[in-house]
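Asks: Under this note's numbering, the final residue of the sequence shown carries the number 138; numbering is consecutive throughout.
Simulated from the structure, these hints should not be mistaken for lab results.
All of these numbers come straight from a predicted model, not from anything done at the bench.
Ideal Cβ positions, reconstructed from N, Cα and C, are used throughout, including at glycine.
For lysine to any residue, the following SDA-like pairs were computed, each having C-alpha atoms within a straight-line distance of at most 20 Å:
{"id": "1", "residue 1": "Lys126", "residue 2": "Glu96"}
{"id": "2", "residue 1": "Lys92", "residue 2": "Arg125"}
{"id": "3", "residue 1": "Lys88", "residue 2": "Arg128"}
{"id": "4", "residue 1": "Lys35", "residue 2": "Gly70"}
{"id": "5", "residue 1": "Lys44", "residue 2": "Pro25"}
{"id": "6", "residue 1": "Lys82", "residue 2": "Asn53"}
{"id": "7", "residue 1": "Lys92", "residue 2": "Ile80"}
{"id": "8", "residue 1": "Lys126", "residue 2": "Tyr102"}
{"id": "9", "residue 1": "Lys123", "residue 2": "Cys94"}
{"id": "10", "residue 1": "Lys88", "residue 2": "Asn110"}
{"id": "11", "residue 1": "Lys35", "residue 2": "Asp47"}
{"id": "12", "residue 1": "Lys82", "residue 2": "Gly37"}
{"id": "13", "residue 1": "Lys35", "residue 2": "Pro25"}
{"id": "14", "residue 1": "Lys78", "residue 2": "Thr40"}
{"id": "15", "residue 1": "Lys88", "residue 2": "Tyr114"}
{"id": "16", "residue 1": "Lys88", "residue 2": "Phe121"}
{"id": "17", "residue 1": "Lys92", "residue 2": "Leu50"}
{"id": "18", "residue 1": "Lys123", "residue 2": "Val93"}
{"id": "19", "residue 1": "Lys82", "residue 2": "Arg55"}
{"id": "20", "residue 1": "Lys82", "residue 2": "His39"}
{"id": "21", "residue 1": "Lys123", "residue 2": "Glu95"}
Listed next, with one range per pair, are the computed distances between beta-carbon atoms:
{"id": "22", "residue 1": "Arg15", "residue 2": "Glu95", "range": "32 to 40 Å"}
{"id": "23", "residue 1": "Glu95", "residue 2": "Thr40", "range": "26 to 34 Å"}
{"id": "24", "residue 1": "Asp22", "residue 2": "Trp119", "range": "34 to 42 Å"}
{"id": "25", "residue 1": "Glu122", "residue 2": "Arg48", "range": "28 to 36 Å"}
{"id": "26", "residue 1": "Arg15", "residue 2": "Pro115", "range": "44 to 52 Å"}
{"id": "27", "residue 1": "Asn113", "residue 2": "Lys69", "range": "18 to 26 Å"}
{"id": "28", "residue 1": "Arg48", "residue 2": "Lys92", "range": "15 to 23 Å"}
{"id": "29", "residue 1": "Glu24", "residue 2": "Ser77", "range": "27 to 35 Å"}
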Amino acid sequence: MSFYDEQDVYEELSRIDESHDDSEPWFQKGLLLAKSGRHTEAIKAFDRCLDGNPRNEYALYCKALSYYKGDEYEIGSKSIIKALNLLKEANKVCEEFSPPWYLRGFIYYNDHNYPSAEWAFEKARKYRKSKNNFLRDI
1 MSFYDEQDVY EELSRIDESH DDSEPWFQKG LLLAKSGRHT EAIKAFDRCL DGNPRNEYAL
61 YCKALSYYKG DEYEIGSKSI IKALNLLKEA NKVCEEFSPP WYLRGFIYYN DHNYPSAEWA
121 FEKARKYRKS KNNFLRDI
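With the sequences and hints as input, model every part of the structure.
Replies: In structure tokens:
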């Protein structure tokens, strides 16, 4: 089930100006596509955003989340490995950004790697008051 219906997605996408060198329109496009369940397209948009700003922790996290949500969950799958690598990179950019820690915890937990899951959830809990409220709807 997607967050938006196709008409809403089309209208919102048509309002995004991709003609600028700025990475922000690509981030907005990626968010919209991810919220509508179009994860493969969202990953491509986040790639374009990261081309302009490779240290954008929000784009790194959202791209990882799109990999995570876009695949049938299977530990060891290429998508999950890519998601974990992106999450690690996001935490290198900004350790206090809690959503990557939460998602890492879920991935580790589903893999029955409970010590790593507990460690990641502790980090997430420590930083939960940080700058991440806008990501609740993804």
